[in-house]
Amino acid sequence: MAIDTPKSLRQMVIYQVYNRNHNASGTFNELIEDLDRIKNLGVDILYLLPIHPIGQKDKKGELGCPYSIQNYREVNPEYGTLDDFKRLIEATHEHGMKLMIDVVFNHTSRDSHLLNTHPEWFYKNEDGNFANRVGDWSDITDLDYSKGEELWAELLDTLEYWASLGVDGYRCDVASLVPIEFWVRARKEIAKINPNFIWLAESVHIGFVNYIRSLGYEAASDSEVYQAFDICYDYDVFEEYQGYLRGKNSLNAYIDRVAMQEGIYPDNYVKLRCLENHDQDRAATLIPNIDQLFTWTAFTYLQKGTTMIYAGQEALDTNRPSLFDIDKVNWSRYNEHGLADYMKQLSELKHDAIMAEGFYRIQTGDVADTVILSYETSYKTRVAIFNFASKSGVVSIEIADGIYKDCLTNKEVVVQDGKVQLDVRAIVFDIAK
Numbered sequence: 524m525a526i527d528t529p530k531s532l533r534q535m536v537i538y539q540v541y542n543r544n545h546n547a548s549g550t551f552n553e554l555i556e557d558l559d560r561i562k563n564l565g566v567d568i569l570y571l572l573p574i575h576p577i578g579q580k581d582k583k584g585e586l587g588c589p590y591s592i593q594n595y596r597e598v599n600p601e602y603g604t605l606d607d608f609k610r611l612i613e614a615t616h617e618h619g620m621k622l623m624i625d626v627v628f629n630h631t632s633r634d635s636h637l638l639n640t641h642p643e644w645f646y647k648n649e650d651g652n653f654a655n656r657v658g659d660w661s662d663i664t665d666l667d668y669s670k671g672e673e674l675w676a677e678l679l680d681t682l683e684y685w686a687s688l689g690v691d692g693y694r695c696d697v698a699s700l701v702p703i704e705f706w707v708r709a710r711k712e713i714a715k716i717n718p719n720f721i722w723l724a725e726s727v728h729i730g731f732v733n734y735i736r737s738l739g740y741e742a743a744s745d746s747e748v749y750q751a752f753d754i755c756y757d758y759d760v761f762e763e764y765q766g767y768l769r770g771k772n773s774l775n776a777y778i779d780r781v782a783m784q785e786g787i788y789p790d791n792y793v794k795l796r797c798l799e800n801h802d803q804d805r806a807a808t809l810i811p812n813i814d815q816l817f818t819w820t821a822f823t824y825l826q827k828g829t830t831m832i833y834a835g836q837e838a839l840d841t842n843r844p845s846l847f848d849i850d851k852v853n854w855s856r857y858n859e860h861g862l863a864d865y866m867k868q869l870s871e872l873k874h875d876a877i878m879a880e881g882f883y884r885i886q887t888g889d890v891a892d893t894v895i896l897s898y899e900t901s902y903k904t905r906v907a908i909f910n911f912a913s914k915s916g917v918v919s920i921e922i923a924d925g926i927y928k929d930c931l932t933n934k935e936v937v938v939q940d941g942k943v944q945l946d947v948r949a950i951v952f953d954i955a956k
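Every letter in the sequence shown is one number past the one before it in the numbering used here, and letter 339, counting from 1, is 862.
Calculated from the structure, these hints are not laboratory results. Hints may be right or wrong, so weigh each one.
[To be verified] Straight-line Cα separation of at most 27 Å, DSSO-like style, residue types lysine-lysine; simulated pairs:
no.	residue 1	residue 2
1	K771	K914
2	K530	K711
3	K580	K562
4	K530	K867
5	K942	K928
6	K609	K647
7	K609	K851
8	K956	K530
9	K942	K914
10	K956	K942
11	K530	K903
12	K580	K530
13	K771	K715
14	K942	K903
15	K934	K956
16	K583	K647
17	K867	K928
18	K711	K609
19	K583	K562
20	K903	K956
21	K715	K530
22	K670	K580
23	K582	K851
24	K715	K609
25	K928	K914
I would like the entire structure built from these sequences, with the hints used as guidance.
Take a look at the structure:
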């Protein structure tokens, strides 16, 4: 991460919203009405998928993909006006939250303002046609950052424009495919407007980095992306997370990779921890057992890093909304089993300074499908035990025998002979020094 990234970002909770499908109207104004509920979940940052007009040429679905952007300087009329967006910024700040928007600077739509006015800024394939370098995204064409200073200046001006309106952070789409030098420069320029601006990189899977490089194109690893960004996706371990849930690999294979992050990234690294997002299957689909879903939810909050919720996750929605059409979030199961209340509890634990400052350890337990993690400071230790298969029995733990209090249930946690009785849900307790 950037050398000046604050560790306090590890205490943050991000709430991801796809405006089109979030509520009945899909507008900024209706989203403003939902801010009380979102804030009550313990959210710190409201993150919106792209807010800009969508290209019509070769569009996907009836309405098109929000990542096929026609004009970076305008707002999608589906969502409202620029004044409506400004009101959303103001209302978000009034609720004590920050607002982050998606930045898609790898490509534009095939009828974008930039393509129409500056076709020389875009990539062309061997046949001389505008195209994207990788994949079958027929509705977009890639920017070519080798085309010079004018392109870079235009994009930097765009970033400065939205930051000057009060936007607090950028989530940068496939940031690994845009030159790191551009992002480093952008960070420096935006810091002049807001020195506390937050940069979140959608870094990519390790295999995809290698694939892009094999084609002769530039692709940055997470360690390179951290030069400019505060937070990176944890796609370097996400395949193993989903692989465990689908029976393709062991829990050890996943946790070993998570633990490796401690040694390969800088001391102030921040990873984005989530069970789902707009590109991935819903957690309630992958984890149908409610106790196990609660346990995994706790794990995303108590891991080292920033937590992200995708809107509808707290309502046990099993449908991943289409990016291309009207496909509304199903809110009918909101707070079923008390999941939203549980998330609020977890956010309170997340906001504890120990989550940023504590020395972090994570390992699998001596009972299959269990994980133990801890944070240690000079003033206390926090321990969390996760039982991902709802097993019964006891797990060994290197903590002094005694009786402690579970931070989530207020029940007693008894450590006897170095062992703790497992629960079907996460156990979290603090030990004062």
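Problem set entry | Structure versus earlier hints - violations, ascending order | 3, 6, 12, 13, 19
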